[in-house]
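Asker: Numbered by numbering that gives the first Met the number 0, the letters in the sequence shown go through residues 0 to 350 in order.
Keep in mind that the hints were calculated from the coordinates and are not lab data.
A hint or two may mislead.
Using 16 Å as the maximum straight-line C-alpha spacing, the simulated EDC-like pairs for lysine to aspartate or glutamate come out as follows [unchecked claim]: (1) LYS303 with GLU219; (2) LYS221 with GLU299; (3) LYS303 with ASP213; (4) LYS150 with ASP304; (5) LYS221 with ASP304; (6) LYS20 with ASP39; (7) LYS100 with ASP60.
As the structure is a computational prediction, the values presented were derived from the model and not from experiment.
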Amino acid sequence: MVWRPALIVENSVDNIDVISKPSIPFRIRSNGRIDWLPADIFTTHCESYITYWPLDTQTCDIIISSWGYTGYEVELIFDDRGKGIVMSFYQEHGEWELLNKSHTSVVTEREDESFSRLIFSFTFRRRPLFHMLNTLFPVVLMSFLTVAIFKLSPESGERVGLALTILLAYAVYLTLISESIPQTSMSASLLSSYLASTLFLQTLAVLLTVIYLDMYFTPEEKPVPRWLQVFAQCCLARITCVDCCKRRKKEVEPTDDSHEEFHNYDTAKAPPSPKSTNIKESQKKSEAWAVDMNDDCTTEYTWKDIALMFDRITMYIYFVLVTCLTVVIMSIMLNHYLTAYTNNASNDTVT
Numbered sequence: 000m001v002w003r004p005a006l007i008v009e010n011s012v013d014n015i016d017v018i019s020k021p022s023i024p025f026r027i028r029s030n031g032r033i034d035w036l037p038a039d040i041f042t043t044h045c046e047s048y049i050t051y052w053p054l055d056t057q058t059c060d061i062i063i064s065s066w067g068y069t070g071y072e073v074e075l076i077f078d079d080r081g082k083g084i085v086m087s088f089y090q091e092h093g094e095w096e097l098l099n100k101s102h103t104s105v106v107t108e109r110e111d112e113s114f115s116r117l118i119f120s121f122t123f124r125r126r127p128l129f130h131m132l133n134t135l136f137p138v139v140l141m142s143f144l145t146v147a148i149f150k151l152s153p154e155s156g157e158r159v160g161l162a163l164t165i166l167l168a169y170a171v172y173l174t175l176i177s178e179s180i181p182q183t184s185m186s187a188s189l190l191s192s193y194l195a196s197t198l199f200l201q202t203l204a205v206l207l208t209v210i211y212l213d214m215y216f217t218p219e220e221k222p223v224p225r226w227l228q229v230f231a232q233c234c235l236a237r238i239t240c241v242d243c244c245k246r247r248k249k250e251v252e253p254t255d256d257s258h259e260e261f262h263n264y265d266t267a268k269a270p271p272s273p274k275s276t277n278i279k280e281s282q283k284k285s286e287a288w289a290v291d292m293n294d295d296c297t298t299e300y301t302w303k304d305i306a307l308m309f310d311r312i313t314m315y316i317y318f319v320l321v322t323c324l325t326v327v328i329m330s331i332m333l334n335h336y337l338t339a340y341t342n343n344a345s346n347d348t349v350t
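Can you build the whole structure from these sequences, using the hints too?
Answerer: As structure tokens, this is what we get:
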């Protein structure tokens, strides 16, 4: 009669049963070695780290320990003469890619007793193609649709409808992604944080759209407040470059001083000295600059002009925010994905 060790899968989810298959025989070799190869399907617990979902990697362990026997009575070790973990029955998975496998033998303490354990570790990486086409690509495209809200003309009458449609689309996508991600509070997904941030920006865009439309359709009989007029003249007009074309036209048009100088040159028949020419040119430039500054701060803008300037500035700000947020989040996720692949390649080279 051959003694059969009482082994259990320590991190089993369903139940903890002793690995015992009486129908599987022992194979006793001539050198005294005994082989016993029990087979079964085990469901084990695996801690999920969803920070980089859906470009994430997961490491899952299968822990086997002795039941009722301490480390001094039964010691579990790996046979270094073998080929490690046998993967002859492993089949490729459509969602996960096996990156690395390892095994360790440790001794743990429980209730002042030491127990021997075998830990089989498997590192998997999620295949990204499905989630990139169905999750990442639509989410990024929708984030840039927010910028188009402020580009649409207020006269079209569809701005609020477009803003609310994008807001609802974001809410639906956030719900779908929340159902796909494992429900854990140990870590937050970067994609969920990205969606929450863009959802906040979209909600703010709806409020700003309503405010700008109300400003645009304000009756012209109602005067623009002085503080808003000054802010539009000295800040909004400069940022949006509303009067840039007017300035260029003024620079091209000849002045009366130039005609007078040309006339004096013809009558005197003598060229002016370089020093006097430089002084006159600097005076003209300073006077032109003063006139432009005066024009910028004295131009009266209507409610429609101010609303359009706010639209343009908000569009620029949203474009920069969405672009920076998208580049940062996607770069972090891609860097993690490529780093996992590089580490796996270096481990394969070492082994």
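Asker: If a hint holds in the structure, say so; if it does not, say that too.
Answerer: Here's how the hints hold up against the structure:
1. Of the pairs offered as hints, the one joining LYS303 and GLU219 holds, with about 9 Å between alpha carbons and a cut-off of 16 Å not exceeded.
2. Annotation: proposed proximity of LYS221 to GLU299 holds, straight-line Cα distance about 14 Å (limit 16 Å).
3. Proximity of LYS303 to ASP213 is assessed by CA-CA distance (about 10 Å); at most 16 Å being required, the pair is judged to hold.
4. Proposed proximity of LYS150 and ASP304 is supported: the alpha carbons are some 14 Å apart, at most 16 Å.
5. Restraint check for LYS221 and ASP304: the C-alpha separation of about 14 Å stays at or below 16 Å, so the hint holds.
6. With a C-alpha separation of about 9 Å, the suggested pairing of LYS20 with ASP39 holds against the 16 Å cut-off.
7. For the hint pairing LYS100 with ASP60, the CA-to-CA distance comes to about 10 Å; that is within 16 Å, so the pair holds.
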